[in-house]
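For reference, the chains in residue letters:
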Amino acid sequence: MRLWIVAAFSLLLSACGTSVQRVAPDESIDLSGAWNDTDSRLVAEEMISDALARPWLGDYTSRTGTRPAVIVGSVRNLSHEHINVKTFVADMERSLINSGRVDFVASRDERGEIRDERIDQDLNAREGTRNAAGQELGADFMLQGQINTIIDAEGKQQVRYYQVDLTLISMADNRKVWVGQKKIKKLVKNPKIRF
Amino acid sequence: MLHGRKAAIGCLCLLLLNGCAAWKLNDLAAQMPATGSEVTLERLQQVKTPERDRAQYLLNSGLLKLYTGDFTGSQQALQEAKQIMEALAATSVTENLAAFTTNETLRSYSGSPTDRVLVHVTLALTYLLAGDLEAARVEALQMDVTMRQFPADKTLGHLASARFIAGLIYELAGERDDALISYRLAYNILKERQEAVPAALQTSLLNLTRTQGFDREYHGYRSEFNRDADLPGSSEAEWLLVYFDGVVSQRTEARLTIFAGEANTLVTVVVPQYPGPGPSPRPLRWQATGNSGETAVLESVDRRVRQDLEAESGALLATATARAVAKYHMVRNAREQSELAGAFANIFSVLSEQADLRSWNLLPAYIQVARLRAPADSTVALPVKSFTDSEPELRSPGRLRVMFTSSYTPAVFGYPRATGVDTETHAINQITERQ
Chain A
785 MRLWIVAAFS
795 LLLSACGTSV
805 QRVAPDESID
815 LSGAWNDTDS
825 RLVAEEMISD
835 ALARPWLGDY
845 TSRTGTRPAV
855 IVGSVRNLSH
865 EHINVKTFVA
875 DMERSLINSG
885 RVDFVASRDE
895 RGEIRDERID
905 QDLNAREGTR
915 NAAGQELGAD
925 FMLQGQINTI
935 IDAEGKQQVR
945 YYQVDLTLIS
955 MADNRKVWVG
965 QKKIKKLVKN
975 PKIRF
Chain B
3 MLHGRKAAIG
13 CLCLLLLNGC
23 AAWKLNDLAA
33 QMPATGSEVT
43 LERLQQVKTP
53 ERDRAQYLLN
63 SGLLKLYTGD
73 FTGSQQALQE
83 AKQIMEALAA
93 TSVTENLAAF
103 TTNETLRSYS
113 GSPTDRVLVH
123 VTLALTYLLA
133 GDLEAARVEA
143 LQMDVTMRQF
153 PADKTLGHLA
163 SARFIAGLIY
173 ELAGERDDAL
183 ISYRLAYNIL
193 KERQEAVPAA
203 LQTSLLNLTR
213 TQGFDREYHG
223 YRSEFNRDAD
233 LPGSSEAEWL
243 LVYFDGVVSQ
253 RTEARLTIFA
263 GEANTLVTVV
273 VPQYPGPGPS
283 PRPLRWQATG
293 NSGETAVLES
303 VDRRVRQDLE
313 AESGALLATA
323 TARAVAKYHM
333 VRNAREQSEL
343 AGAFANIFSV
353 LSEQADLRSW
363 NLLPAYIQVA
373 RLRAPADSTV
383 ALPVKSFTDS
393 EPELRSPGRL
403 RVMFTSSYTP
413 AVFGYPRATG
423 VDTETHAINQ
433 ITERQ
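Which chain is which? The protein sequence lines are A and B, in order. Read left to right, the first sequence gives residues 785 to 979 (the working numbering). Read left to right, the second sequence gives residues 3 to 437 (the working numbering).
If you are wondering where the hints come from, they were derived from the structure by calculation, not from laboratory data. Using N, Cα and C, we set each Cβ at its ideal position, and we do this for glycine too. It cannot be assumed that every hint is accurate.
As the list claims (entries may be wrong) - Residues from chain B shown here face chain A by an in silico Cβ test under 8 Å; the list is partial:
#1 A92
#2 S94
#3 V95
#4 T96
#5 A137
#6 V140
#7 V147
#8 E312
#9 Q356
Said to hold, decoys possible - Far from chain B, by Cβ distances over 12 Å, these chain A residues were calculated:
#10 V804
#11 S858
#12 S879
#13 A937
#14 M955
Unchecked claim - DSS-like mimics (lysine-lysine), calculated; alpha carbons at most 30 Å apart, straight line:
#15 K940(A) to K973(A)
#16 K976(A) to K156(B)
#17 K870(A) to K960(A)
#18 K156(B) to K940(A)
#19 K976(A) to K940(A)
#20 K870(A) to K970(A)
#21 K870(A) to K966(A)
#22 K156(B) to K193(B)
#23 K193(B) to K973(A)
Please take these sequences and the hints and turn them into a complete structure.
Written out as structure tokens, the structure is:
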């Protein structure tokens, strides 16, 4: 009998401690049902691979003989969650750059810092090592998008529907050359009883 | 036997300490009119609260941080409180057992329906005043999901202020359709409750139905409010003032003696109550070029928290009665064993009986609003706060500017914010001239 009591207490105590387990960054772990790193990575990879498989890329390359320069503009979070859009944008940038099929231009914020550095070089760097202003690569296309959600909740259950829309727009004439859409639907069941 | 006594005394001390924290927080709220929000925040941080009251502590500290202009701190506290309250939505077996055998304060604080909605409202304001309209919009969407979880045929958990703030956020984001829907919902809640529709909401409804071309609806509001739309002229800007007025009433203990049929005896139970009629609203006066007025009540939060308690009072009384009967039997059984055991059981029974006085103590008693228009190059002043909105670059014709203040802080915060304002430093963040 005493053994059982000791075992029960051990079990209870083991549930009280913090435990840390290292997992692979690409392992899918869903805890709350909210948008997470797996959603961000998978959506970015799938949408960019779709964008790169569409005719606009071949059309541009055959017309100009060069790779298009792409910039990521704003991706608006219009969802029900505080989503860190920066990680999603970073995932998209990584997929685009690693494809090797487009050139990638620094974002507005990044450019500001680089321009400051260039001005500083003008004053302080040796002449042979200076980088001149006015030599930046202009973007040919801008990627914009938004994340929307629809939440349907009843009792302890929720259906969370995410829709990510991305649009690639030609900087030359505002033509939309690609529109991508990715949908995710999750059924979240919250517990009715806790210990 | 000696160890048993020590344990019993220890348990009683712990129970009494728990009660102390609730009393201290009520005391802080009572003193806030005299001490102000900064001192109250310092004192709150010194109060030791049990882990199960963490959500209550975070709600209070998040609100005070909004008052003092620490928007990042406020967001962190309120987001954590929100997560805790969501996690506590499930029924706890152990806490129910503890509440049934000892008292209600042994449950984790999971927030009343009003708390669960107002946490989104407060967060939306902190994000907005920090200049993050997109994050404020997220909170507006979340408050809609939260309110939809409460029965639609009852007004409990449905807050006109939440709908109005959501409408304001959509309007600032240029989403006029959604803004109008939210303003309509705010209007419907007030009508359902038979409460007055403040002039700011009237203006919002009239202006949006007029500009969106809902002619029949516009004429309906026009005849009901007996006024026309108040659209800004080509050289005018608009201001929307949100004012958190006062502090809500605090719960006190009510001792009731009732007949418990199953034990065939009279038992004494303690339940929480809100004493007296509550504070009266005190409008905030504003002055603009050639125009002046004052804020009007959009939401009586004091009335909402009383309704929350009223809604659960039946269940609280039933649990308290069942607990009193159980304790009565426990004392009787202990007495049969020995007089001393009976005396201990009796002391435990009396001292452990505490009403749950926890609430989001520092909530404003009233949420008041005003919507005004004035020439874009003029100034808007709040004389009581010695404040003049004198940032010309933040106002342009047709633009809506939001100002927020509360009774217990001299600061006034605004959206949009001046460029180059440090979000982490609330002293710079304040667009006020301190008294």
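| task | Sort out whether K973(A) lies within 30 Å of K193(B), counting only the CA atoms. | result | 35 Å, violated
| Against chain A, with CB atoms and a cut of 8 Å, does the hint on V140(B) hold up? | 5 Å, holds
| Going by Cβ atoms only, is T96(B) closer than 8 Å to chain A? | This interface hint holds because 6 Å falls under the 8 Å limit.
| request: Measure nothing beyond the straight line between the CA atoms of K156(B) and K940(A); if it is 30 Å or shorter, mark the hint as holding. | output: 20 Å, holds
| query | Going by Cβ atoms only, is S94(B) closer than 8 Å to chain A? | reply | With Cβ-Cβ at 5 Å, under 8 Å, it holds.
| Do the alpha carbons of K156(B) and K193(B) lie within 30 Å of each other, as the hint requires? | Status holds; Cα separation ~13 Å.
| field | Interface hint compliance - E312(B) to chain A, C-beta minimum distance less than 8 Å | value | 24 Å, violated
| Minimum Cβ-Cβ distance from S879(A) to chain B exceeds 12 Å | Fine: 24 Å to the nearest Cβ keeps S879(A) off the interface.
| Taking the closest pair, is the beta carbon of A937(A) still more than 12 Å from chain B? | 6 Å, violated
| Interface hint status, A137(B) versus chain A (Cβ within 8 Å) | 6 Å, holds
| query | Hint check: is the beta carbon of V95(B) less than 8 Å from a beta carbon of chain A? | reply | Interface hint status for V95(B): holds (6 Å vs cutoff 8 Å).
| query | Hey, does the A92(B) contact hint survive, CB to chain A under 8 Å? | reply | Constraint on A92(B) satisfied, holds at 4 Å.
Checked against the numbered hints given earlier, the structure breaks hints 8, 9, 11, 13 and 23 and satisfies all the rest.
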